[in-house]
Amino acid sequence: MAVYECLSEISNKIIANKDFLTELDREIGDSDHGINLSRGFTAVLEKVSKDEQDMGVSLKKAGMTLLSTVGGASGPLYGTAFMEAAKVLTGKTELNAQDFLAALDAAIAGIQKRGKAVKGEKTMLDAIIPARDAYAEKINAGADLIAGLEAAVKAANDGVEYTKTIIATKGRASYLGERSIGHQDPGATSSTLTLEAILDYLKNK
Amino acid sequence: MTGIVIVSHSWKIAEGVRDLALEMAAGYDDKIIAAGGLDDENKTIGTDAMKIMQAIIKANQAADNGGVVILADIGSGIMSAQTAIELLSESDDDNEKNINVKLADAPIVEGAVCAAVEAVGGGDLEAVLNAAESARGESKL
Chain L
326 MAVYECLSEI SNKIIANKDF LTELDREIGD SDHGINLSRG FTAVLEKVSK
376 DEQDMGVSLK KAGMTLLSTV GGASGPLYGT AFMEAAKVLT GKTELNAQDF
426 LAALDAAIAG IQKRGKAVKG EKTMLDAIIP ARDAYAEKIN AGADLIAGLE
476 AAVKAANDGV EYTKTIIATK GRASYLGERS IGHQDPGATS STLTLEAILD
526 YLKNK
Chain W
927 MTGIVIVSHS WKIAEGVRDL ALEMAAGYDD KIIAAGGLDD ENKTIGTDAM
977 KIMQAIIKAN QAADNGGVVI LADIGSGIMS AQTAIELLSE SDDDNEKNIN
1027 VKLADAPIVE GAVCAAVEAV GGGDLEAVLN AAESARGESK L
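Quick mapping for you: the protein sequence lines, in order, are chains L and W.
When we follow my numbering, the leftmost residue of the first sequence carries the number 326, and every step to the right adds one.
When we follow my numbering, the leftmost residue of the second sequence carries the number 927, and every step to the right adds one.
To be clear, the hints were calculated from the coordinates, so they are not data collected in a lab.
We put the CB at the ideal spot given by N, CA and C, even for glycine.
Hints are supplied without guarantee of correctness; some may be wrong.
[Said to hold, decoys possible] Short, incomplete list of chain W residues facing chain L, as computed with Cβ under 7 angstroms:
1) Leu964
2) Gly972
3) Asp974
4) Ala975
5) Met976
6) Gly1001
7) Ser1002
8) Met1005
9) Ser1006
10) Thr1009
[Stated by the list, open to error] Result set (DSS-like, lysine-lysine): computed pairs, CA atoms no more than 27 angstroms apart in a straight line:
11) W:Lys984 to L:Lys372
12) W:Lys969 to L:Lys385
13) L:Lys372 to W:Lys969
14) W:Lys1028 to L:Lys441
15) W:Lys1028 to L:Lys495
16) L:Lys343 to W:Lys969
17) L:Lys385 to W:Lys1023
18) W:Lys1028 to L:Lys385
19) W:Lys984 to L:Lys385
20) L:Lys412 to W:Lys1028
21) W:Lys1023 to L:Lys372
22) W:Lys1023 to L:Lys412
23) L:Lys441 to W:Lys1023
24) L:Lys372 to L:Lys528
The following block holds chain L by itself, in its conformation from the complex (with noise of 0.2 angstroms):
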């Protein structure tokens, strides 16, 4: 599987949105989230080979690119991401429901340990660990890859509106206290249409 066409529609997705992202961060944060991601996941295209099959190598490029493009915090946490999930699936060329869980899984310990961060504090963890085991629930269950991934986007979505309703204590909205009650976490956010990219993705393949 040429993980390219996967990093491109989610390469897509945060472009189109960047306006988007960027107002949200401007609410409880630096105004910039839109703006770096969509650098560095226009960056990811130009670096990630087309044709590589190894969906390990392509997403260790796509992780070491935004760790030198993105420019805030999402580019630790986002490169870190893509690079543990990377050691998981490297020697891969097709993705199957268990390694996805294993690659998410990865994923997550990766920003937890770049964060320290846990659900609850009004970050990208609220969005992706609860579609994390929305996934696994489904799958466990029998379901394949993208009727995982559907439970997951949806439990991701639901994340963050959740997130309107607590109080940050991580990151510079933390400076805002109660002030950032009301307002959905940009991170979230854009973790969740990167969970929406790859259902789209792989149910247009």
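Once you've looked at the hints, dock chain W against the given chain L.
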């Protein structure tokens, strides 16, 4: 000898802190390295873990493999520095893997000056790290 790497979101801050530290550390031009901003050309605000990693390698070489202390600013400055340290520890190149590198828990300006003074005086990695971190509780008034 001990090398020092200065990490900031701002290219100008990293270069400026380096200039200030070098005033106290004559002859350390190649051992105190700035790794600020996303790119050197446009000086875009941001941090780059790969650029920081290369700076650590260069500073360590200039310091005859004595190790490197990193001073970093806020948020992703810390995260990118930690990412760079981890990338080195996972490197296939033994020279890179074995670099002794520590991230100081210290204010970037005061910490860099204290670290530079200790480094130029011949302090080893631990001594330079301690000097940087001694700046943390310093009262200014």
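Hints, verified against the model:
1. Leu964: Where the cut-off is 7 angstroms and the nearest Cβ of chain L is about 5 angstroms from W:Leu964, the hint holds.
2. Gly972: Since chain L brings a Cβ to about 2 angstroms from W:Gly972, closer than 7 angstroms, the hint holds.
3. Asp974: 5 angstroms, holds
4. Ala975: Since the shortest Cβ distance to chain L is 4 angstroms, the answer is holds.
5. Met976: 4 angstroms, holds
6. Gly1001: 5 angstroms, holds
7. Ser1002: 4 angstroms, holds
8. Met1005: 4 angstroms, holds
9. Ser1006: Because about 5 angstroms separates W:Ser1006 from the closest Cβ in chain L, which is inside the 7 angstroms limit, the hint holds.
10. Thr1009: 5 angstroms, holds
11. W:Lys984 to L:Lys372: With a Cα-Cα distance of about 25 angstroms, the restraint between W:Lys984 and L:Lys372 holds, given a limit of 27 angstroms.
12. W:Lys969 to L:Lys385: 26 angstroms, holds
13. L:Lys372 to W:Lys969: Answer holds: L:Lys372 to W:Lys969 is near 21 angstroms, not above 27 angstroms.
14. W:Lys1028 to L:Lys441: 18 angstroms, holds
15. W:Lys1028 to L:Lys495: 24 angstroms, holds
16. L:Lys343 to W:Lys969: With Cα atoms ~21 angstroms apart, L:Lys343 and W:Lys969 stay inside 27 angstroms; holds.
17. L:Lys385 to W:Lys1023: 19 angstroms, holds
18. W:Lys1028 to L:Lys385: Roughly 25 angstroms between the alpha carbons, so the hint for W:Lys1028 and L:Lys385 holds.
19. W:Lys984 to L:Lys385: Roughly 24 angstroms separates the two Cα atoms, so the pair holds.
20. L:Lys412 to W:Lys1028: 25 angstroms, holds
21. W:Lys1023 to L:Lys372: It holds: about 25 angstroms lies between the C-alpha atoms, which stays within 27 angstroms.
22. W:Lys1023 to L:Lys412: The hint holds at about 18 angstroms.
23. L:Lys441 to W:Lys1023: Holds, at roughly 24 angstroms.
24. L:Lys372 to L:Lys528: 25 angstroms, holds
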